[in-house]
Amino acid sequence: MSAPSDNMPIPAPGIHSKPLLVRHLPYFIGAAILVWLAATMRFDGYVHNILLQATTFSIAVFGLSVVLGLCGQINLAQAAFFGLGAYAVGIGTTDLQVSFWVCLVGGCLISLLAGAFLGMSTLRLGGHYLAMVTISFQQIVTLVMINAIWLTRGPDGVPNIKRPELFQSSQSYLAFCVAMLAIVGYLVWHLADTKLGRAMRAVRDNELAAGVNGIDVFRTKIYAFALCALLGGLAGGLFAGGFAYVSPDQFSFAESIVFLTMSLLGGVASPIGSAIGTGLLILIPEWLRFLKSVPGLYLAIYGLFVILIIRFMPDGIWGFVADAFTRWRAKIKAPPAAAALQLKPATIGGDTVLEVTGLSKHFGGLKAVDGVDIAVKRGGVHALIGPNGSGKTTTLNVLSGLYEATSGRIVLDGTDITHMAPHQRTAAGLGRTFQNIRLFRSMTALENVEIGAERPGNTMVGKGDDALTERAMEALTFVGLGSRANELISSFSYGHQRLIEIARALASNPTLLLLDEPAAGLNSTEKLELHELLKRIAAQGLTILIIDHDMTLVSEAAQHITVLNFGRRIADGESMAVLRHPDVVSAYLGSE
Amino acid sequence: MDLALQLLFTGIGIGAVYALVALGFVLIFRATNVVNFAQGEFSMVAAYLMVVAVEAGLPYWAAFIVALLGMALLGVIFNLGVYYPLRHRTYLPVIIATIGASILLANSVLAIYGPQPQVLEGWFETPGIQVGPVYLDSQYLLIIGVTICLVIFNFWFFEKTLLGKKLQATSQDKEMASLLGISVSTMIMITFIYSAVLGGLAGILVAPVLFVSIQMGSTIALKAFAATIIGGFGDVAGAIIGGLSLGVIETFGAAYISVPYKDGFAFLVLIAFLIFRPQGIFGERVAEKA
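From first to last, the protein sequence lines stand for chains A and B.
The first sequence finishes on residue 592 if you use the numbering used here, and the numbering steps up by one all the way, no holes.
The second sequence finishes on residue 290 if you use the numbering used here, and the numbering steps up by one all the way, no holes.
Derived by calculation from the structure, the hints in this document are not laboratory data.
These figures come from a predicted structure and were not determined experimentally.
Check the hints yourself; a few may be wrong.
Beta-carbon label-pair distances, calculated as ranges [unchecked claim]:
(1) B:268 with A:358: 39 to 47 Å
(2) A:580 with B:186: 38 to 46 Å
(3) B:186 with A:574: 55 to 63 Å
Yeah, the Cβ is synthetic: ideal placement off N, Cα and C, and Gly gets one too.
Pulled out of the complex, with its shape left as it was, chain B reads as follows (with noise of 0.2 Å):
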């Protein structure tokens, strides 16, 4: 029972991890309509940019907006040289083009920093606290905390900001938003930046309990995708509930069943999804639109 409280509050943590990352996957795909498979390189990204930083001698904090400033940098970079020329064009060149970029990014890494990972120091001094059975590592509180008020901050931003309600416009019907004087470019330029922003603050947090590799990206990519699928496609507390379940899931599957395989329960819940209950547990859209 102590173990399982302990493998809750770990699986939570990371999960809260998958969940910024499969946030920053849904509202690109809100805004554009297209999943973005580079958006786990963004974590990784971040997270040496931010070994980089510190190795520099930056004290963590500065290190840390210089981290997120240069993701915003790369969101923009990201727009104009992967998706905006590729606007027109269907989804498939796209996505071909987002994998492309996804190689792109983590090879490059590989090539300037070498495959040995690297450690990034957590945030506190202190490693954690005893409460009760459970022990609370300070990194993981960070996380779910960070998580948490990023909800809130979401909410807040899209349901009562005019920016964020012209976020939403354009997301449901660019041509209707254009029409209204919202230019659409700039909002989807800003969903990028978010994006970016949002999935380096996901591989910053995390860096400390992983270790900084260059697979780092696409394996929380892939459970952030699993997550969003689980949640419902396109929801944005079906990604959070997805990434959640699916840390608390992998956890214990790792626990009590195989740590080899602790990647592959993700893939088999995602299949079970996909055949049950392809519309997930908030059941938004499936399909492309006719």
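With the rest of the complex left out, here is chain A (with noise of 0.2 Å):
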């Protein structure tokens, strides 16, 4: 992991030499070679149906993707969703008259409330409270279609509703639907490559592990939730104005099945297999109309489906085709070569870096952490050790926002941090890697630090997504991965990947650098390399506080120790000193 060329500054490449309109150029051919076709193709009303149904829900499958594929949300009513959507174009168009565009807009808007009042009521909790919330809204939405008359019409549903004047042939119809389909699938499928997309995907991986690096755990969950259901309520405006009718049974719970089967199927990770799972849907039904003759039976190997995929093939159809060939383009295609990476950490407080006092965090009677004082100084590097059990990790854990202190305060750099999230800490200047390596699993080692290096109030990363990729290209050139950027994380050693997260947390700049345990389960030569790393990182006058066992690389990295037991002080000083107090030797090895 020790480069030689490490603070040999590389003159870097452009990373990306075209725009990106330019780059994506076959994509908008593509599609409007399609819109082409769809405008001017002679199809039979059967096979138009077809055609029409499979655009519109793949722009409600769509919107599973954004939310199950990217952030790792479940949703069991995008068909209420689609409802919406589907209700407000027919009701508004046939009974209050409005126009068909107008209508669109408000079914989206209802939608998107909807699912940002149940994202906000329910994402802060556990993921099966959302399956449930969402079961129970399908039920309703259902309800209310049924049996409010006034509004809806019940169970006889909307007829003769209105397309625009512009598309008013069932033709011109379909060809502006799939331009809207080739519209929403661009931007979900360019969504996984910005900030937010990113953002998801980490909260999907490891929502701990996000919020420590910056990310608003809470709301990007509910930005992809609302997403989810604005999409949903597009496709089904467009689905009522293609139909012309409507009625509840099309938007029953059984429908959000069907949605998530064809998510899964195709691969609920991008839009592309959201396509290719919903035409499969569409047409396998129509091949074997005969099991329609038996009420249940289609819905019952949808379930068997379901289960097989998750247990065969959980990235669908799809994801085992884009894994193939990700694999294959990470070994063929090398990473850029970086600049030298530079960390100025932030220098705003006086010569203290961290100030804790009188921090203290008790978990019912136990008193894990009672009464410490730390005051870490600038540019050194300052160890937390003590037995186990002594109550280091809690320590780190409310420093980082993990646990909410008990009492105490907590000063970063002139900035009061104790009653701040985890991601606002981090937004302060904090960065920390984890005892057990928490990193984003699904994707390759430069993603995972180009999220460290996205961190908001990050001054040494410039505008735009070249930027942002040549920060992380320094930060994991400067661990010594550069050459391996774009592979997996899957594919490195344990050691490796421990570097991993230590170049995510350089990205971001820090100004003060908390390090948990990183020697735990390293060989003795990683653990030398980890020293020498330690040597690098302070050189350039980052603040480091480590939490170790290991008393040598303690000992030797170390200017400065504060030593816990049974969660109070027991010594703090100049590490020499310190290791050779009384105190501290009885409590490590016992007193005579």
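Assembling the complex is the task here: the two chains are given apart, and the hints tell you how they should meet.
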């Protein structure tokens, strides 16, 4: 991991030489051809209906690929959001005589608001809450559609729904829907590589690590969920215009399950997979029409499909193909060279970077941390040590905001962070690694580090994705893994994963770096390399607070040591003096 | 006032069913950290098994035993087919798989039996007794009685027997339990069997009150889940109190506010709890562990 050229600046070639729109040109050309085909080819009514259904359903399933695929949250009410959009257009263009466009936008807004409300009430809690709440919401929407006859005309449904003036013929309307599909598909496809998309993937892979890397987990989940609802509403509005008739049974719980199955079958993580899954699950039942003659049979098969896909093909058809492609590309595509990493920790406060006073954390009657004071001086390596159960990791968790302090005050570089959420502390300049490594497992090393670099308030990274990639490459090169940037996390050894975690924290240019037992699980060579790395970090003036058992590492690397035992501070001062302190010796070796 | 008392009785009766299913949810959740979304279908399948057995000419008690044995078997199949292969994955795939299983069960029964709701006779010949202003339906009395007995049994089983303690140990720390020589997979298997039988029992008990239909499973499951949240997720007493309260709220809501939206009240109460008191009445753990 020690790369000799680390501090030699290498001219960084442009990472993406062409602008985004040019690189994606083939997509737009393909989309334009599809729209042209839809507008000019002659279909009979049956084929036309199937195409229209596939197009509108795909947009709804794109929503699931955002919420389930990117963000890892479940939505079992996509048919309800689809129904909200459809009824908005249905009731709006008939009973209320409003323009189609107004209704379409209105339906999207209603779905968006409903989704945001459901999300806000539930997304702080565990995933099964969301599953049940969305099922409940689905049932309520169905109940209202059937029973609120004054509004929805009840089980009979709404006929004679109008289309916009511009797309009166079914041919032109289909072309319009295909164009919408292409636009939404592009946005969803591109979303994964934006800041929001990366945040969603981070939340899906590891909520805790996402939080301490500066991502507002709750808000990210709400965005994903509301976006999914919005796409459901849009798809429903297009569907209503296309088929000119809506009724409650088209938007039942069973349809939500159909959407889910489409998404899972094709591959939940990508819009291409969504389109494949949707297409297959619209065509297959058409080929196997005889199944529909027995009520329940084809849904039973869907249920079986869901179980089998989850078990044997968790990434769906497209996921399977794409994964093979990614692995192949990581092998052939060498990552770009990077300049040397610059760390410029902020220096707003005085000499003391971190000042902890009277910090306590009680769990019921247990005083895990009890009135601890720590002052970490700028530019040094400070170690926090103590026997097992002395309160080290609890202290670290209180510092990074995973636990709320019972009492006491934490000041980071002049800012009181005592009551901040983890992502806010990260924004304030705190970086950390975990004892049990928490990386985003489905991403590449580079993508993991990019999330670190994206810390709000990171002054070391310029505008745009290229600057971000550049910064992340620098951090990876700094820890010696630059050449393997495009590989997935699962292909790295344990020691290297730890280095990636450190690179992720370094990329964010923190004011203070917290390392939680960085030597745990490393062999002796790796420990030496870690020691070298810590030296190179400290040489750039970044302050490090390290927690470890490893006495050799601590005594060599740290200038200052604080010792905890039974949740209290028993010694504090210059390293050698502290390690000879009689209380410390007896705490570690037992007193005679 | 008389009407209110009558509604209270009915509410507690129907709430007891929710409580039983909620108990099944909680037991599986504590053992596996997974919510079984097919829990309601256990009730539905058991009710259909009961109808089939009675139609086949079995005496009521024998049909009852056959149905519960069938449920035990379903618990085994469910564990081996749905949960066990995914036990090392995160909760999301498991949730989706149980949802798939729920769809599979409900629609298989629909494919075999058709959409026509079935009728199951009650256990007793006498329909009920009049006590003062309140008419006590015999089936509701039975439901309440069985629920009380099961709650007591549950307490005794988990607190006083060795098997119950092993099950508790498994749910609290699987690794440690296996180091102590407890077979974790056996314990989880027992939990699934017990939950399936419990869900089945609730289905059989409630069948004479409602119609035996395909939708009864998802309806009951939804209420039972709301009950577990109201009571405090993962808490046995909470599940029971939550179930009973929900039954009462729903019955009063249907009588005084609106019949068609009866099934919506559970949802409103659920949302209210999620917003204002997500830890439920008994304040159990809320989010997944870090």
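| Can you name, in rising order, the numbers of the hints this structure does not satisfy? | 2
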